[in-house]
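Peer 1: If you read the sequences in order, they're chains A and B.
Residue numbers 1 to 337, in full-length UniProt numbering, belong to the letters of the first sequence in order.
Residue numbers 1 to 326, in full-length UniProt numbering, belong to the letters of the second sequence in order.
Misleading hints may appear alongside valid ones.
[Unchecked claim] Below, simulated SDA-like cross-link-like pairs (lysine to any residue); rule was C-alpha separation at most 20 Å, straight line:
#1 B:K200 - A:R272
#2 B:K20 - B:R283
#3 A:K205 - B:Q267
#4 A:K242 - B:Q267
Since the hints were derived computationally from the structure, they do not count as laboratory data.
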Amino acid sequence: MTALLSTEGLAKHFAARSRWSAFGGGKSVVRAVDDLSMEIAPSETLALVGESGCGKSTTGRLIMRLIEPSAGRVVFEGKDITDASASELRQARRRMQMVFQDPRSSLSPRRTILQTVAEPLDANGLIRSPAHRREVVAELLDSVGLSPSVMGRFPHQFSGGQRQRVGIARAIALGPSLIVADEPVSALDVSVQAQIINLMQDLQKQRRLSYLFISHDLAVVRHIADRVAVMYLGRIVEIGPKAEVFRAPHHPYTQALLSAAPEARPGRSQKRIVLSGDVPSPSAIPSGCSFRTRCPIAQEVCARERPPLGAVASGHSAACHFAQPNPLGPNQRGRSS
Amino acid sequence: MSGSLLKVRNLSVEFGPAGKGVRVLDRVGFDMMAGDCIGIVGESGSGKSVMSLSLLRLVPEPPGRIVEGSVEFEGVDLLTLPASRMPDIRGKDIAMIFQEPMSALNPVMTVGEQISEAIFLHESIGAAARRARVLEMLQLVGIPDAEQRYDSYPHEFSGGMRQRVMIAMALACNPRLLIADEPTTALDVTIQAQVLELMKQLRARYRTSILLISHDLGVIADIADRVIVMYCGRVVETAAIDDLFDRPAHPYTEGLLNSIPSRSIGQERLYQIPGAPPAPTERGPGCAFYPRCPKRMPVCLERTPPLLQVSETQQAACFALPAARP
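So that you can see chain A by itself, here it is in the shape it has in the complex:
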């Protein structure tokens, strides 16, 4: 199967002025994303997980070409779009769209739902007449579970879940093949979150969509993803099929992350790995393996050499000198009723 989207060595470095630069001090570089290579197949959901500041949102923006990469390539539907011109990008973006975390700030408060959802259609000249416009928008609203009668309303008249439906309707308006969804359910309450997750899965089946699903919530990822990529300080430290990563995580960071997530079930936190300390600043990434400062199994070699992302099983890779399956035992995060 050929990939719908692939990245190769993708990187984004931001120049940040250091606190002393006014006094002649040097500039520092924030390495938000580094050497990131991955693929997404048609109709597949790849989840990008990690904690705040790990570069997962920056990766989403790089793929959309909303920001310029410092290095590396992005290939989408067989075309290298890394150096695409404005008009080529416009073409590509008909096929790749984004859904944001907070629909309150990603929807214009002064536009009606009709205007909001029709905007990408208008911008691409796909509307023949006002009646045609209403017809297309009604269809889109219907497919995200909203009544076409809400077309004349404004975003503030909707609940958070309904606003996210509007955001999704706008994203699918041009018939994309890839949706980059950046924390699409994080701002929603649990009961509403379930509705949006189900909707996204339904749309994926009906429209053969691929998702790059960016999330910090492992429970949601475990439900929706086909494959999972775990990021730490701008790099993928583990990537593989969902079942593999959750059953036999190989990287110590993945293991800690999985064990740290509280489970909605009493008495399950006994064997939690609690990492010491905080994530280092992305402007001062440790030498060698960037996780070594918090790693429970770090050795001397970890400070000298950066471990490559190496295969540990079919389609499953981890970047650790001492990668080994889950020391917690296979049942630690095992299946449940």
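Model the placement of chain B on the given structure of chain A, informed by the hints.
Peer 2: Showing chain B alone in chain A's frame:
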């Protein structure tokens, strides 16, 4: 150890002009024994934060107003005390930690001074003894290099470290009750695990009673012994932690548990509660969950179901319960 610590009865809070106010908290009642850790769970707008603020009479007034009820803390009704007595209780007997430590800490005061101030307000001990206590608290909550960090400002700390400072401040006067309002919601999971672990250790060591407010049932399951479920300003269920997760009695609790992705591993689709909670202005006389409830009956529209005893350790407010049948 045991003994009644907190007794809340009929606590109601309205926002807006008197007479036309919107009721955001409706006759909430519960009991807490010394040493308990109770989790309060609910979605946005369920009234859980207003409830925690009203326990300490911190609801901003106007527009808010406690319209009825009592909050008995160790036998004294806090709501009828003269307002001038409240500062003695806040921070000393009952301490509170908030969701976003950056906005709860003073940005232009060092962390050490802030903790020291909390002690100064409640205890008459000398400056040297205070400093020693602050350093002890900083070490207790796991802040390395306490001596140096004493003179740091909040912006020099990470989110998890700031929350530790908040906890140190809250515990500096050895309160009997700690109210924690979404203490880990702004933190990453690995940092959340650290803070939860710390709260558990402190609880075991000092026997502080904890009222933990959270939207995250995972966090509640991790630390609480009892749970109060709120929906639209009312208590709809209260139960021992295992009962709640094993045998939820209220349809809302059941729906909430079923919507959690980690509880439906291997299922194609997540269970979903249809619709969204009604706004406070749209709540009628009946059960607020009526429009979304799979077990609704005509009677649910007419009046609010009272909390009924389901078992020794569990109560729920639903007319569909066997206990509600005549």
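Peer 1: All hints, please: hold or fail.
Peer 2: Evaluation of the provided hints:
Taking the CA atoms of B:K200 and A:R272, the gap is near 13 Å; set against the 20 Å cutoff, the hint holds. Our distance criterion of 20 Å between C-alpha atoms is met by B:K20 and B:R283, whose separation comes to about 14 Å. Straight-line distance between C-alpha atoms of A:K205 and B:Q267 comes to about 16 Å, which keeps the hinted pair within the 20 Å bound. A C-alpha spacing of about 14 Å is found between A:K242 and B:Q267, which places the hinted pair at or below 20 Å, so the restraint holds.
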